[in-house]
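Construct the complete structure from the given sequences, taking the supplied hints into account.
Chain residues, written in single-letter form:
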Amino acid sequence: MKKSSIKIGIGLWILLALISCRKDEVIFLSSTKTVAQPASEGNIEGFYLLNEGNMGMNRASIDVFNYRTGAYTTDIYSERNPTVVKELGDVGNDIKIYGNKVYAVINCSNKVEVIDKWTAKRIAKIDIPNCRYVTFYKGKAYVSSYSGPVAINPNAEIGFVAEIDTATLEIKRKVTVGYQPEQMVVTNGKLYVANSGGYRVPNYDRTVSVIDLESFTEIKKIDVGINLYGMQIDSRGDIYVSSRGDYYGTPSNLFVIDSKTDEKKMSLDLPVLGMCLVDDLLYFYSVEWSYLTNSNKIAYGILDTKTKKIISDKIITDGTDKKIMIPYGLQVHPETKEIYITDAQNYVVTGYIYCFTPDGRLKWKTTAGNIPAHFAFIYKN
Amino acid sequence: MYNKKRTRLILFLTIVPLVLHAQARRDTVSADSIKTLKNVIINAKPFQEVIPVQSLSGKQLENLASHNVADALRYFAGTQIKDYGGLGGLKTVDVRNMGTHHVGVFYDGIQLGNAQNGVTDLGKYSLDDMEALTMYNGQKSEIFQSAKDFASASTIYMKTKRPVFEDHKQTNLLLRYKTMSVNYHDPSFRLEQKLGDKVSLSLSSEYIRSNGQYQFRYKRNNQDGTVAYDTTATRQNSDIKALRIESGLYGKIDKGSWDAKVYYYDSKRGAPGAIVENKFADGYRQNDQSFFTQAFFVKDFTEKYKFQARAKYAYDDTRYIARDTTSILGETVTEGAQSDDSYYQHEMYVSVVNMYSILPIWDVSLSADFQYNRLDATRRGIQTQFSFPQRYTALFSLASSLRLGKFKVLGSVLGTQVTEQVRYNAKAPDKTEFTPALFIGYTPFKQNDLTLRAFAKRIFRMPTFNDLYYTMVGSSTLRPEYMNQYDVGFNYAVPVENGFLDKFSIQADAYYTHTKDKIVAAPTGNLFRWMMTNMGQVRGKGIESVINMGTHISKLNLAANLTYTYSESRDYTKFVGLEMSSYGDQIPYAPWHSGSAILNAGYGSWNLNYSFIYVGKRYNGNVNNIKVNEVQPWYTHDLSAQKSFTVNHYRLKGTIELNNALNQHYEVIYNYPMPGRTFKFIISMEL
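Chain order of the listed sequences is A and B. Going from the first sequence to the working numbering is simple: count from 1 and add 7. Going from the second sequence to the working numbering is simple: count from 1 and add 13.
Please note that a few of the clues may not be correct.
Said to hold, decoys possible - BS3-like, lysine-lysine: derived pairs with alpha carbons at most 25 Å apart:
1. B:459 with B:419
2. B:630 with A:30
3. B:587 with A:372
4. A:30 with B:232
5. B:529 with A:330
6. B:640 with A:40
7. A:330 with A:370
8. A:330 with B:587
9. B:640 with B:232
10. A:228 with A:147
11. A:132 with B:232
12. A:372 with B:640
13. B:207 with B:268
14. B:268 with B:317
15. B:640 with A:128
16. B:95 with A:30
17. A:128 with A:103
18. A:145 with A:124
19. B:640 with A:30
20. B:640 with A:93
21. B:587 with A:329
22. B:587 with A:304
23. A:128 with B:232
24. A:93 with B:630
25. A:93 with B:95
26. B:232 with A:93
For the record, the hints were derived by calculation from the structure and aren't laboratory data. In this text, all values refer to a predicted model and were calculated from it rather than measured experimentally.
Quick look at the structure:
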């Protein structure tokens, strides 16, 4: 009995010893899957998808889809930039392409990562604390940030927008805007910034800041609605601003600002969380928490920006929408009008990207990263 | 190089028991000499325990190169410590992957509570004044206990030292000083005074100060084996200043005893954050002040009737400050979200326990506990109304134990009634719960120390105040989270009268757990906004084993304790009827394989201790069991050597410790690096 017990003990120890191997860590590797038929037409070569990654996990990642091959590759950054310590960073918040450079705004790593459009290799890292979104105008990049002057009240800091020269990649100027600024649009030498005031619950900000880009000063604050977030501009100069509402009495909404008068001109009484404008059509979705069912009410729709009327209360027509837990990213291919929707799941686990035909039928679906969210189309030069 | 390490490890791990085994065959003569099992490390208790139990006490605790309760608990099979690293980092315990909230932690018989978030930071509790640490799966194996003792899925008991006076001594004084290679200073004292035949007093205090700065390293290779990056940096914001003062009065009465305690803890520390790209330091601070006073009374009023009473008042004040700043274009600006929040908790608790022996083989007990909790807060700059919740909890337990020949049966029913009040916002509805437990022990052979055991227990945990009332996140409609736990196991003390070993015992348990209505955060349209819901569902199973042996070769005492745990805990949570991409995957930070070893050698005034901990591959908080979410195994080797001497009637003891001897750069929680190799020196003097 004793001998066998000892043998059991030894056995356990050998087992332990065998499974205990600790290996050298290798950089994060990409993986490629063919998800679509190769397509040769058009000016768009593919797109980058930024996965936000949960806070503290340092798992922001970039996927790339190649139209020419139909291949979807996840997590390319580490492979292309093996020497960057701790990879892309913590919480990706926006990605856009300007010229030959890709700008990825990495919120909790307090930086804008600038990579080459074709190789995805690092060109520069621009330090901007608590940065949120980026937009471009005449050789300059504008980055919104929650950071502000230190005040006694922890939630009194007023955010700013930084101006970056896209040639030198240096921060040139900054301008103070409203509380916790989010998305921006530019037209006619003016920058419009949606101020959320998200840190100041329940006293949200309710303004859009209008910045004159020449003097880089705030020339006006347009009173729009609480908790502003998304922004799109149509070809007639109408700016669409979404409000997240307060999650209680005030629902999510969509407002229209006339950029000629810089006045709010309409409230469309439409819940909108994410949106994408292509030609004259605004595709949108909303997710609203219901206290009654302890679940989310999810809605999709398409708005005609000429008439400001909803022309469809569906984007997905084949029932696939029932399988999407939390729609998070929404993008429409400017040429083919194919629709991309990401599913963030519960924000913790790996998400999915769905591709739909222009009439809303599932074309392909694949696994993305953690919180797949933001798209940037790669145009031919 | 790693292969070499691995080979060495295998050799080492296999040789130790082999050596013991070989010696066992050779040397059988001296076995019948005096069996002084001072160094037996983790005690597997005899038959009266029908519940899996593991315990560390006295000398064993002293010899272990561990200084706080969290570090010592790592040696128990089935426990996992969530350690955020550093001296100021949070350390919590999880048993059988059921979650921190399902572990009841008791300090001298009364539970340590945290109604706000349910988290007990075990890094705060020093081992200096600890007599024993005991962990039970299910509950303590007796019925003469308070209703709260029945109210957790697992329980951990910290028992502090009681004064013991040798000969005619009236006073014991112990002075101690510890220092470490990370700028660590820790002076402490303990005074014990006899106040009469039946009453004694203890007073102890400890002050810890450290800048907490240690080196950590991140290294990754390219696929071809060349180095991609290799960075070493210093952990910032992990400093601590902490003061603990503790005093106890201990009394004996006719057929009973009483004690009373006061405990005060004050600390200012950095709460080190995740190490992420472009941010290797942050400045989140935490200030704590805890105070509690408690009393306990037990008396056998008659042969058949026994009585216990206990009472406690606790006050906790915790302040969290996030004030990181940086500069841009020469201007100082805030970095992350700012906050400056203080939380104040009050707890009052009383309990009475009655036990009556109906027959010599049949006992029944009835316990009634009442607890009051209150949470107040001041949160600078936050303009939503804080709820200011108060909770009244009444617990009743009816338990019985029956010994029938080779069987021992123990059953209990716990009734819980919870009522809450809030000053603002919606309050949670009243709750009434009844939860049963049944334990059976069986000793098949008279001549043989083998016990078979089985239990089934249903228990729940209440949603915390944060779950219910946290602004924008809490949901007052939450129900309790239920835990069903089943266990079968055995404990066998192998007869070794004529063998080389003085002691050889083995215990093993297999368990199954099912968490229903698990409280988890559900996603909403906004990433920064979650709703607490009861949608979680986890099923776990596992095997735990403990082998314990001791021997001596003339004056050399040897002891070894080995544990191995296999655990599986899979997440079957569905959200609106949809399976998550991680459906059926192992839950975060639950290793499949883990184990520990403690080897101890004592020779006269010398003592050598080696301890080893292994935690296997697991997945991080991103849940999906895929390569990118994998967290490497870690294993640490700790060594300590102690020598006692006597100088002019003063007893002195010196200790040298080496923690993480192979300087492994590991993480328990992803992006929270742990310290590498550290040296520690301790000198203590008894007057």
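Exercise. Of all the hints given earlier, name the ones this structure violates by number, lowest first.
Key: none
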